[in-house]
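Visitor: If you want the building blocks of each chain, they are given just below.
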Amino acid sequence: MLKTANLSKVTALEIKSAVNTDFVKKATNILLLPMIGLTIFLFLWHIAAKNIDTSLGQFPGPSHVLEQANTLVDEHFNEREKADAFYERQEKRNAARVAQDPTYEAKIRPYTGKPTFVDQIWTSLYTVMVGFLIASLIAVPLGILCGLSQNAYAAINPLIQLFKPVSPLAWLPLVTMVVSALYVSDDPMFSKSFLTSAFTVSLCCLWPTLVNTAVGVSGINKDLINVSKVLTLSKWAHIIKIVLPSSIPMIFTGLRLSLGIGWMVLIAAEMLAQNPGLGKFVWDEFQNGSSDSLARIMVAVLVIGMIGFMLDRLMLTVQRYVSWDKSATLR
Amino acid sequence: MNTSIKQKHLELSKVGIEFPTPKGPFCALKDVDLKIDKGEFISLIGHSGCGKSTVLNIVAGLYQATQGGVLLDNKEVIQPGPERAVVFQNHSLLPWLTAYQNVELAVKQVFKGKMNKAEMKDWINHNLELVHMTHAADKRPDEISGGMKQRVGIARALAMQPKILLMDEPFGALDALTRAHLQDSLMEIHAELGNTVIMITHDVDEAVLLSDRIVMMTNGPSATVGEILKVDLPRPRDRLALADQPDYNHYRHEVLTFLYEKQRKVEPVSTKKKATEAKGKNKVA
Chain A
21 MLKTANLSKV TALEIKSAVN TDFVKKATNI LLLPMIGLTI FLFLWHIAAK
71 NIDTSLGQFP GPSHVLEQAN TLVDEHFNER EKADAFYERQ EKRNAARVAQ
121 DPTYEAKIRP YTGKPTFVDQ IWTSLYTVMV GFLIASLIAV PLGILCGLSQ
171 NAYAAINPLI QLFKPVSPLA WLPLVTMVVS ALYVSDDPMF SKSFLTSAFT
221 VSLCCLWPTL VNTAVGVSGI NKDLINVSKV LTLSKWAHII KIVLPSSIPM
271 IFTGLRLSLG IGWMVLIAAE MLAQNPGLGK FVWDEFQNGS SDSLARIMVA
321 VLVIGMIGFM LDRLMLTVQR YVSWDKSATL R
Chain B
630 MNTSIKQKHL ELSKVGIEFP TPKGPFCALK DVDLKIDKGE FISLIGHSGC
680 GKSTVLNIVA GLYQATQGGV LLDNKEVIQP GPERAVVFQN HSLLPWLTAY
730 QNVELAVKQV FKGKMNKAEM KDWINHNLEL VHMTHAADKR PDEISGGMKQ
780 RVGIARALAM QPKILLMDEP FGALDALTRA HLQDSLMEIH AELGNTVIMI
830 THDVDEAVLL SDRIVMMTNG PSATVGEILK VDLPRPRDRL ALADQPDYNH
880 YRHEVLTFLY EKQRKVEPVS TKKKATEAKG KNKVA
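Sequence order for the protein chains is A and B. Counting from 1 along the first sequence, just add 20 to a position and that's the residue number in our numbering. Counting from 1 along the second sequence, just add 629 to a position and that's the residue number in our numbering.
Please note: incorrect hints may appear among the correct ones.
Stated by the list, open to error - In the DSSO-like style, the derived pairs of lysine-lysine whose C-alpha atoms are separated by at most 27 Å in a straight line are:
hint: 1; chain 1: B; residue 1: Lys637; chain 2: B; residue 2: Lys704
hint: 2; chain 1: A; residue 1: Lys242; chain 2: B; residue 2: Lys768
hint: 3; chain 1: B; residue 1: Lys792; chain 2: A; residue 2: Lys242
hint: 4; chain 1: B; residue 1: Lys737; chain 2: B; residue 2: Lys792
hint: 5; chain 1: B; residue 1: Lys894; chain 2: B; residue 2: Lys859
hint: 6; chain 1: A; residue 1: Lys255; chain 2: B; residue 2: Lys741
hint: 7; chain 1: B; residue 1: Lys741; chain 2: A; residue 2: Lys249
hint: 8; chain 1: A; residue 1: Lys255; chain 2: B; residue 2: Lys704
hint: 9; chain 1: B; residue 1: Lys737; chain 2: B; residue 2: Lys637
hint: 10; chain 1: B; residue 1: Lys746; chain 2: A; residue 2: Lys249
hint: 11; chain 1: B; residue 1: Lys792; chain 2: B; residue 2: Lys741
hint: 12; chain 1: B; residue 1: Lys746; chain 2: A; residue 2: Lys255
hint: 13; chain 1: A; residue 1: Lys112; chain 2: A; residue 2: Lys102
hint: 14; chain 1: B; residue 1: Lys667; chain 2: B; residue 2: Lys704
hint: 15; chain 1: B; residue 1: Lys743; chain 2: A; residue 2: Lys255
Worth flagging that the hints you see were computed from the coordinates, not collected in a lab. The structure presented is a predicted model; accordingly, all values stated were derived computationally and were not measured.
Chain B extracted, bound-state conformation (with noise of 0.2 Å):
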């Protein structure tokens, strides 16, 4: 899309935040730079816990970075708003409003004086149909599916016509299938409205398919960028002929390489002696 044009439009400096708890501050992210062009696709990996939700939610303006800043267009995020509008992992949809109203409640709240009536209805119609989710507007969110909530949510977003589009896990929660399906929804969309988009993602195959660059982040405590890989794959991608290609093969398994070899992480659950031998492991990568 528009990568070749290079411009300033996302600016995370030296970002850094930590939470009071009882035991003192705990420094969740510390030194996070990262700059992002208009209409490109990042997706950040890491493992569970080390802070990808949180640079997120910095971004979106639901949590308030202790040191640096985020810029959006020279301007610093201090809160909320729809210009950064999130895909929640859970679709978060307003399960007493159907479809169709729980992108109306943000369309109205966006475009309040901006749209008339029937403007909204053809924008609302519109986004909904962007998702495929027309046949079911009038739906509420537990009369339809995982899959179909997801792309409820990702029409609300949409619809807001946000400068960055959030998504944090949006498809985690989906099977395998579903997810494929809407990858390929979010690809077609991305080519379609050129939106940035920053996602966060525990699949490799995903971040590799869908991402400009996949941004790789260290695990916590004072979690940070640890390599930014480019994935220079020609779009429109496909998925079955990406699958036989080396440079597709190459990216996921730099990708892997970064995740097992040079940020290992063994969950807590294993024995202790396993514990201390994979913090040795940590400390030499």
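Isolated chain A (complex conformation) (with noise of 0.2 Å):
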């Protein structure tokens, strides 16, 4: 009785020293590492930045971008409160005129201030994810004819080849025309620089996504091949039940790669179609030239690489959830 219980404590004393040098571990590879990595690298940044003077004054240290940072996030708010305050001047006007003359149907306009920084955000995520969706659409059942059919491969294969490799701003001009050809309307839904910048977009993030679904369908195994031979599936139930499922983990490779150039793609395309977003936010600044710009745009750098870092966790999220392979390691 007594041994037994000793035992058990001397067990759970080692399990639990077990748990606690296994919890420094992890907190040294979670926390420490990257902690020391970004302190140094602020470091090297502040230093650098003292030695560099621009026309626009000197290079922003990490300090200024900090500073800028959140008057950035001040501006939007006065922003707001400024368009809370218009909308509810116009309210009260609208009910004093409606008081006066009931027949009379109230005009609301829109507030006409300048997007914040705030603003782009948003319009940039929308427009990626719009080119993103219509690349993806058009990528991934080209992608598997593709990888179905050798001869589909080998027709669509050398403009995979071509179009590859294209720079987005080789295709903007293009892109710009032709929409200011094909999008003619009174009351247009979109408006055509955004247009612009999410076609842009698709015509670089097809191709990712087309290749390794195409890559992924045509190294489906063979014997499941065979099963669903012997089964005599119908070609759809075969895409349905047997290709899809077991290319998933290489579409979702594709489809990360290309969101990453997607995004990336799209700051480019923002500046010279002067969609409103991130990328016409960095232009503006640019031409701008105020002794805080390089600041402001240094915020517009940093912001850009954590939203895409984000967009790429968030691609993993979805393939966790949708792969069935929840063992495979997904970086």
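Got two chains here, separate frames each, mind docking them using the hints?
Guide: Structure below.
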């Protein structure tokens, strides 16, 4: 009795210490090491910034950038307050006029203040998502076709190889002109600059998903294909029940690459298309040329990086949810 | 089982196949003749690379014979179909489906419109029960052992109610104990359902224990049926009782003689001299 009690005590202790060392190790890996890296980076940045003088003043160091980040957030909330106040005034005015004359139809005019940094982040996210979605809707089915049929692959492969390396900036003028020519509407649902940016993103997002899907589909285990043949599954059932599930990991690899590229392309596209997003923000600040401009651009750079990272994590989460293979290491 | 009722069920006549290679066509099989009765259990045995799997794939319809043909109940086999179910060597379960769903996929495909939902459910569960896998019906392939996966693979094939069950080294990747266990299960199932079975094996004991006839194949290229050994051991067979029986050992000896004397094959791993020697011996045989 006593012995077993002792024994269990010992094992409990051992387990505890094991957990402790494990915890310390994990904490080191997750917190300490990244913190060290970050600190070194900030330090180097600080030193380097001090020694670079530009025509717009000294290159912004970490503290300057942090200050501007706060300013940008403040500006956003000030602008929001102004907008709210504007709508409130308008509502009062309308109410007063309706009270005087019941037949009066109130007109609601939108607030015309300039978009803030936060607004621009949302515009960029929206644009990249639309572009990415269009690209995925084309690339996944086309990739499946290429993976299933050697002939389709042979027909499409040269086009893939030709267009894959094309820079978004080369597409942009063409897309701009095509959108201007074809998207003619009195009451446009989307602005032209938005469409131009989104389509440019799509054109560059297509390829990784297309190639990876094709590779994934063509690499399906031969035995599984034989199972499908023995069961005499129809083409459609074969795709839904066998092809899609087994190539999901590769499809997602492609989608993640595509989204990453799309996000990079978007910033460039927005700069040139003047779509009200982060790219335009950077361009406007550059043209603005105040002493704070570089710091504000640096804020944008960091935000762009963080959003790119978050988009990738988002795709990973979706993949975890969709994929059957939970054991596969997802990076 | 039905072996007494002689009825031409499956007939392979003059089956041959050539595969195109960069060095010209490679003749893998030539003049394979085989008649199989309903309910018969046939083993195909031979050295690796002799075209056993090719024969099976032709019967399954996954390969097309370039000469001769296969008749099943007087109909030519030209494409795969569920009436010739295949149990693959490495189970080939869809890894994203549970055991139940894997069988369900087959049942839904084969009995669409012939069974209602409740009947399908019963039929799936019945087949899982047949291979003693009811307890793991909701487990995915990566959560169960190799033997269990193979059981589910067999259940999936049986659930198609095939005329012929084709098994490509079904127990090859399993450890000896699990294999023995599954062989017993297979004998039980065969006794109960009376399916026609063609099984590929490398294992002489397995072939003698399970088969009504053992088809021994010569070495490729241009492999063909070398000898056919009829195994006249009473069923049900018990591996322990058989181990001491002279009949059983006689059959084993016959197969071993065929494999290691008449069709001796030395893998090209050995020195060149030996390989040429072996070739000479082969010609003599």
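Visitor: Honestly, which of those hints from before does the structure not fit?
Guide: Violated hint (a single one): 9; every other hint is consistent with the structure.
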